[in-house]
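Chemist: The primary structure of each chain is shown beneath.
Number of protein chains: 2
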Amino acid sequence: MSNKSSPIGIFDSGLGGLTVFKAVRRLMPGEDIIYFGDTARVPYGTKSKEAVISFSKEIAEFLSARGVKLLVIACNTASSLALEEVRAITRVPVIGVIEPGARSALGATSNGRILVTGTTATVTSGAYRKVIKKLEPGAFVFEKACPLFVPLVEEGWCGKKVTKLVASEYLAPLRKRGFDTVILGCTHYPLIKKIIIKALGGRIKIVDSAQATALEVRADLGARDLLNPARRGRERYIASDAPDKFKALAFRLLSIKVKNVEVKRF
Amino acid sequence: MSNKSSPIGIFDSGLGGLTVFKAVRRLMPGEDIIYFGDTARVPYGTKSKEAVISFSKEIAEFLSARGVKLLVIACNTASSLALEEVRAITRVPVIGVIEPGARSALGATSNGRILVTGTTATVTSGAYRKVIKKLEPGAFVFEKACPLFVPLVEEGWCGKKVTKLVASEYLAPLRKRGFDTVILGCTHYPLIKKIIIKALGGRIKIVDSAQATALEVRADLGARDLLNPARRGRERYIASDAPDKFKALAFRLLSIKVKNVEVKRF
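Line order of the protein sequences matches chains A and B. Last residue of the first sequence: 1327 in this note's numbering, with the numbers rising by one and none dropped. Last residue of the second sequence: 1327 in this note's numbering, with the numbers rising by one and none dropped.
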């Protein structure tokens, strides 16, 4: 049985989900958090639905066995393709990043025209479009895959001319389409937020799912009276490969100092 | 026991190894070939040595069980990190791409100054440098990781300005270092060969390992009297994920028409 001191489980294909981890930590400093990054099989965004479902279920089972009180899929691709499948095998609530992001975008838009950026798998799944249209059938949603953003961010080229050129290649043709809101539908994208805004012409509201997801986590735990009143929660990091690279990237990309990364191979 | 009609097994982390497949096919039209692409776990170039060894052994066992008479590791990263480990568990000869490429470079260079380009894992392993220095201790070898080349090629941006800019970012600072030969130490790189040459200033000999590896395959089979005299060999393609994407990319990148891709998940 879950109780207040049970940890929250968060997983992602790699490190990008640490943006969600950070938002959860900021909002709920007393919680224990287990973060799992599937660094042996990253990226998910170019893989098939079957593969992403199989990987996600494996990780959900692994984290469930560690007694989490809530599971967060902090990966847009896995949330798009595997949310229902993970829910079906998990006893605790499972929160993905798509619905919180979609709601956030609907709150932000004035003209109902929303652009979604993400990996090929997320965009192909149409997950954001489906959720937005269910909540607001009148909204106009356009989805654009930007597969080079993740490798560019992981190369640390967040401010380089090359990255601006890639963003412009993907997004400049969409400038005249009247979008007033863009969803950063991949956890790496907030790291090149300014470049994305500029490529889109400058005047556009940005929605990233991390903050919205953290709010949903707090609401769920509050409703179940499972918020941990401790002053300072603990963190545990687990990766399926390359713990040193995990540490280095966590610091370089997100200024998170990770002392220890356990390795769990599948 | 192997015989003339046994197939050749070729594997890669994904599709890049099809460049080796093509060279083998051209040189030995009568051979049956089984090609395995580990598309569920691609790329290898950013993963740890342990992970690459474990993946490679799994695939080698899978192909061995299919009675191959020779195994080709058509992936620079896996050849760099896992050749000995695969040899240790395989009864038939195993040929990687590093040694043929290194020999080819030593044949091509006039001044003994060789530049090696590749993935982060290949470059970090120092595999090319070690082999070259063993064969020719007086050679000067410099290795440069170019991790964005693979995603750029897979995006199909082989002629774009962005790709030129990335190549220039990686390679232009090396122009004045007097290299007369560059090894394309990743099976994707031949697809942007011209851009790489230009970024290096234009006057440099290019070595890709595919042709050299195919020659070594023929030499090995010839020496063991295992060359297949058939007129037209068969091909079998197996991938660990996303067979449709495999087909599409094989055609788009390498003009190979793949009719059927079997799926083997690990």
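Any given hint could turn out to be false.
It does not matter which identical chain is meant; a pair holds if it fits inside one copy or across any two.
[To be verified] Taking lysine-lysine and the PhoX-like style, the derived pairs with C-alpha atoms no more than 20 Å apart in a straight line are:
1. Lys1325 with Lys1266
2. Lys1110 with Lys1191
3. Lys1195 with Lys1255
4. Lys1308 with Lys1237
5. Lys1325 with Lys1118
6. Lys1320 with Lys1194
7. Lys1110 with Lys1308
8. Lys1318 with Lys1237
9. Lys1083 with Lys1195
10. Lys1118 with Lys1318
11. Lys1306 with Lys1259
12. Lys1194 with Lys1259
13. Lys1237 with Lys1325
14. Lys1191 with Lys1205
15. Lys1191 with Lys1318
16. Lys1325 with Lys1110
17. Lys1194 with Lys1205
18. Lys1205 with Lys1259
19. Lys1221 with Lys1110
20. Lys1255 with Lys1237
21. Lys1306 with Lys1205
22. Lys1221 with Lys1195
The set of hints was computed from the structure by calculation and includes no laboratory data. Computed from a prediction, not measured in an experiment: that's the story for all the values here.
Chemist: For each hint, tell me whether it holds in the structure or not.
Modeler: Here is what the structure says about each hint:
| no. | hint | result |
| --- | --- | --- |
| 1 | Lys1325 with Lys1266 | neither (39 Å within a copy, 44 Å between copies) |
| 2 | Lys1110 with Lys1191 | within (17 Å within a copy, 41 Å between copies) |
| 3 | Lys1195 with Lys1255 | neither (30 Å within a copy, 49 Å between copies) |
| 4 | Lys1308 with Lys1237 | neither (41 Å within a copy, 35 Å between copies) |
| 5 | Lys1325 with Lys1118 | both (15 Å within a copy, 18 Å between copies) |
| 6 | Lys1320 with Lys1194 | neither (43 Å within a copy, 38 Å between copies) |
| 7 | Lys1110 with Lys1308 | between (29 Å within a copy, 17 Å between copies) |
| 8 | Lys1318 with Lys1237 | neither (42 Å within a copy, 39 Å between copies) |
| 9 | Lys1083 with Lys1195 | neither (29 Å within a copy, 49 Å between copies) |
| 10 | Lys1118 with Lys1318 | neither (28 Å within a copy, 34 Å between copies) |
| 11 | Lys1306 with Lys1259 | neither (31 Å within a copy, 32 Å between copies) |
| 12 | Lys1194 with Lys1259 | neither (27 Å within a copy, 48 Å between copies) |
| 13 | Lys1237 with Lys1325 | neither (47 Å within a copy, 45 Å between copies) |
| 14 | Lys1191 with Lys1205 | within (15 Å within a copy, 44 Å between copies) |
| 15 | Lys1191 with Lys1318 | neither (37 Å within a copy, 35 Å between copies) |
| 16 | Lys1325 with Lys1110 | between (23 Å within a copy, 15 Å between copies) |
| 17 | Lys1194 with Lys1205 | within (17 Å within a copy, 47 Å between copies) |
| 18 | Lys1205 with Lys1259 | within (16 Å within a copy, 32 Å between copies) |
| 19 | Lys1221 with Lys1110 | neither (33 Å within a copy, 30 Å between copies) |
| 20 | Lys1255 with Lys1237 | within (19 Å within a copy, 35 Å between copies) |
| 21 | Lys1306 with Lys1205 | between (29 Å within a copy, 18 Å between copies) |
| 22 | Lys1221 with Lys1195 | neither (38 Å within a copy, 39 Å between copies) |
In summary, the structure is inconsistent with hints 1, 3, 4, 6, 8, 9, 10, 11, 12, 13, 15, 19, 22 from the numbered list given earlier, while agreeing with the others.
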